[in-house]
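S.K.: Chains as they are written, first to last, in the numbering used here: chain X, 1 to 301; chain Y, 1 to 301.
Some clues are possibly wrong.
Same chains, same names: a pair is fine if it fits in one copy or spans any two.
DSS-like cross-link-like pairs, simulated, lysine-lysine; straight-line CA separation at most 30 Å [what the hints assert, rightly or not]: (1) 124 x 110; (2) 81 x 250; (3) 81 x 27.
Quick caveat, the hints were computed from the structure, so don't treat them as lab data.
Quick caveat, the model's predicted, so the values are computed rather than measured.
If you want the building blocks of each chain, they are given just below.
There are 2 protein chains.
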Amino acid sequence: MGKRFDSSKVFYRFDPDIPPIGSVKLKEKVEIETRDCFSNQITEENQLVSSIDFSQVNPATGPIFIEDAKRGDALAVHIHKIRTAETGLIVTLPGEGFLGEDVKETRTRKCKVNGNWVDFRGVKVPYRPMIGVIGVASEDRHPTGVPGRTGGNLDTRYITEGATLYLPVEFDGALFGLGDLHAAMADGEMCVAGCEVRGEVEVEFDVLRGLSPPWPVLEYGGYTYLVVSAGSLEESLKEASRIAVRALSKAFSIDWHDAYMLSSLVADVQISQLVDPKKTVRIGFPTSVLNAKKLLEALSR
Amino acid sequence: MGKRFDSSKVFYRFDPDIPPIGSVKLKEKVEIETRDCFSNQITEENQLVSSIDFSQVNPATGPIFIEDAKRGDALAVHIHKIRTAETGLIVTLPGEGFLGEDVKETRTRKCKVNGNWVDFRGVKVPYRPMIGVIGVASEDRHPTGVPGRTGGNLDTRYITEGATLYLPVEFDGALFGLGDLHAAMADGEMCVAGCEVRGEVEVEFDVLRGLSPPWPVLEYGGYTYLVVSAGSLEESLKEASRIAVRALSKAFSIDWHDAYMLSSLVADVQISQLVDPKKTVRIGFPTSVLNAKKLLEALSR
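Bound conformation, chain X alone (with noise of 0.2 Å):
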């Protein structure tokens, strides 16, 4: 194992000018500690959200420099591993999630997790570990809990073992940071939360040169995903949309409308979450079709 960093030194923005906790090298298997999406400061079921210190929620362990990694290039994170601990918690809060106006209570409920299930209630929900929070300092300097254009909380549930991110490189050294784990968390997150969890990553970092794409992208199970947020829905939904129909005309060389009707075979038009500060949608590409290197490319042209 290589470098290994604890979850003792976090930040809540993805500001260029918060100094690094420390560097590491490409191809570097790095351990990442992290902190739950409340900064580990809810352990029990009568702890509730609304009594929290609100400016600790959402932390990313880091940020981490990562040598080599230049302002224009793409920073692949290669996630090999995520271990999460044994308890987990979600909650409910008036006004929050997709059905916010229905919710009459504040409420924490913990979950058990083990290598198969989160036992919510006595029902045993798959275990689908993700990373909610995960980005590199951007221009913007958005706080951690909105996703955006170098990443944040993008809450996205292909961020997983075995998955490749891509990140714009805005700043020399990336200043990555990632946080917010989930046990288990739907397309859509409805309520505002998944299985709230402390607990370890294993990345490795790489970067393709000059290839800063305008949105993160992402490689898993066989799809290239375009990772976009924005206010509504529907304007994430567009953006994507016109996006992708942009990249495949590049990509194949074929005018806009040939392109359009492509998109309609190719494009799978997905809803990450519903919930956060920014919506997030995702486009799915075959990577048969699209592969992530050949849609950064469409995209940096």
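Following the hints, position chain Y against chain X.
M.R.: Relative to chain X, chain Y alone:
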């Protein structure tokens, strides 16, 4: 092989007053031939969708009277096999599709279909055959081109080989029909069409007594889906989410707030299509958590 229905007799409304073209028994294998969504009016790229008879768009072969399917039952449609023709086509039309305002040209493109690929302009698109229009007679007599409570133009790509679709029986005999096959269509159906193709479908019917659901339910690939359509995407998502939370509450005897949290762990909110007169979404539950029978029971209580 059991009965076969050719595509000479089609209908355009889920209307109980249209006389059936024949009847089948429960658990009898049936082969149904289908026209493409344009009633086979277009065969060449120089024929544009603007010049065809629109009263013949989205035909469904049928109606087929299902013996012993009674009002109040859920009709189970097991989809055993889909065979598609070797040539399909896809179109653009100004104003149509999710980016309709950007479409300047009416265009027809042919696609070559073989067992593994759909060739679109030299791009090898994965072959994912599916049924666009499928449903039974409804009290609202909605057109086959519109998705609704008893089925219709659901354009949901998991309505494919190996899937079972559950539809509410509103009239004795159900009065079933299907059509509008696609050799490929991505989630969202961005340009308003998939690779539109004629073909044949092998199905088998069964009923679950008294379990008529409020919306179609689909079981496929380890997930159980609730398939909801409404006037806008937002409206479809809200309706589907509310029903999903209530169903989880009933299925597991937990209160609304716990069910809201559980939905955030197990209810994948997904898009079927963004482009028809109503927009269709689906919520997928792992079958290990909620199989079709359990979902139908929770919905009917």
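S.K.: If a hint holds in the structure, say so; if it does not, say that too.
M.R.: Okay, the hints, checked on the actual structure:
Only within a single protomer do residue 124 and residue 110 lie at most 30 Å apart by alpha-carbon distance; the minimum there is 13 Å, versus 47 Å between protomers. Proximity of residue 81 to residue 250 under the C-alpha cut-off of 30 Å is found in neither arrangement, the shortest distances being 34 Å within a copy and 36 Å between copies. Taking the shortest alpha-carbon separations for residue 81 and residue 27, only the intra-copy value of 15 Å comes in at or below 30 Å, while the best inter-copy value is 47 Å.
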